[in-house]
Amino acid sequence: MSRRTTLLTALGWLALAAALLGLAPALLSDFRLGLLAKYCCYAIAAVGIGLAWGRGGMLVLGQGLYFGLGGYAMAMHLKLTDAGPGQVPDFMVLYAGGEMPVWWEPFRSPVVTLLAILLLPVLVATVLGAAIFKRRVKGAYFAILSQALTAAFAILLIGQVKTTGGFNGLNNFQSFFGYSLYDPVNKRMLYFLAAGVLLASVALMAQLHRSRFGELLVATRDAEERVRFLGHDPANVKLVAYVLAAVLASVGGALFVPVVGIISPEDVGVGASIALVAGVALGGRASLFGPALGALLVGYAETSLSESFPGSWSYFQGGLFVVVVLLLPGGLAQALSALASVRHRVGGPPGGRRRRERPASDRTRPGPTTPQEVTA
Amino acid sequence: MSVPGRDYLEVRGIRVEFDGFVAVDGVDLTLLQGQVHFLIGPNGAGKTTLVDALTGLVRATGLASYDNQNLLDRPSHAIVRLGIGRTFQTATVFEELTVLQNLDIAGGVHRRARSLLRRRRGVPERVHETLATIGLTEQADRPAGVLSHGQKQWLEIGMLLVQDARVMLLDEPVAGMSAEERRETGELLHRIGQERTIVVIEHDMDFVRDFADVVTVMSAGRVLAHGTVEEIRADPEVQRVYLGHTVEGVA
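So the protein sequences, as listed, match chains G and D.
Quick note on the numbering used here: the first sequence kicks off at 287 and runs consecutively.
Quick note on the numbering used here: the second sequence kicks off at 44 and runs consecutively.
Keep in mind the hints are simulated off the structure, nothing from the lab.
Computed spacing ranges between beta-carbons, pair by pair:
| id | chain 1 | residue 1 | chain 2 | residue 2 | range |
| --- | --- | --- | --- | --- | --- |
| 1 | D | 219 | G | 611 | 35 to 41 angstroms |
| 2 | G | 489 | D | 180 | 31 to 37 angstroms |
| 3 | D | 110 | G | 400 | 46 to 52 angstroms |
| 4 | G | 600 | D | 158 | 42 to 48 angstroms |
Note that CB positions come from ideal geometry on N, CA and C, so glycine has one too.
Build the full structure now, drawing on both the sequences and the hints.
Shown next, in the form of structure tokens:
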């Protein structure tokens, strides 16, 4: 990576930080800021999808599973602190006659909960990922498998009314680590927390992209068999990216709970998982800022379109996905770089060497850019 | 077997079967360090299959021992880590990465996992030397995709050098090269072959005659003859097989 791209990356990150931490809180009402906090939670998960799908070539259609792991872990903790020491969450009094399963108990501790949010997805993703990648399951089969997992997870949650709140999920939280969730100041604090974690995860991606691991991951995406003959097991390379993506989804889910005030099977199921992927596709899955920006944009579009055309969002979302995949496989990032190169050509010296070299560099641009590869 | 050790690759009774079809039928070979071995034979003789078996791509029975380890029951990446590298008939370099990045990524086997998380700083010594050895120093920062066919093959050999492969199995490295490029490739192989074991699968008899130290002729999954170029050319059995199957071998 050249010095110029490093500089541009740093500038882009600073611009994003200025927009999220400076501009948005100054301009938006508390209600809108709360919505932006929600989009940030999606964006954190999307950053992970950018790594697994954009850089690693694994179409993770079921990140709702990990989003839900983190979300439910956090929600259980909040329910338990609201209930008070030794007490049982309100919905269990209603549905389960006041009996609480043993595995809820550890989530009373904030430390255990935070560890669970980070380590539970590591554990689950390592076990599932190792089984999947060592068997060389990839492409569309991998995508279907990951989606089936999240569907099964949602069905499991719905079935366990007594322990997970079933279809209604867990909601009606009063406080977040001692801070009242009804206080507008604390809501702003939550926004800054979500935006801060998003910025940190983008920074982490920037480092990963330019690291040797980042190069190896892209090499694995583009020529898995060749990487095998460099002495690496491609399964391990992919596993690292998959686990990282799972952790980011889990953290996004955990922040989602206090920000939105509810987590239900609907937030972690197939629909939610596809919405995450749609944002990443829109922004540009292989680019650094694309996944985060795309997720923010899709979140914003969902809210504003649902306000003006209630009930039609899922059609918009489906249409968007189809259009992006067919016409703009590299997402908005691709459109921007194409625009930049057009301007470069118009503004540059006529007939210069650069001009003739353009088409060649377009052909060899990194990242899959054909629609067929979306499922690959 | 006086000195069992890293010096040679010992192949005993290797057999590969695909659904009843025997592609490699009990091949014995001893491949010594410091020699450029050529593996020749008509199409379908089982040359590539043999290399596939040695590098974990197809399942085989028998024994292939290197450094006192049997290669046959290991996955490909573990075989590479023992020091056995290969190239394929069509050059497979990472086209979007630069020549330098291609070489650098090949050195990953020798790096600790933690160093993978850092960015590349400077050019490792071995990569630098290799660039000079394969004559691509000037192309170091160009994407590998724009290299000529011959240069890609050299880059692949360079990647094996950075990988520090002690045994190099090269599948038709000079196919499609100009006469000049062939000569350069042959000289390159002899230069790097001093402390390595090099095995080349080849069809071009001129190239074999000019650069082979030892030649093994395969036919229908078996070793037909083994010896110097002169010995092979004098072998009536080899003449019969080549005249009967393909014309290009008779040079």
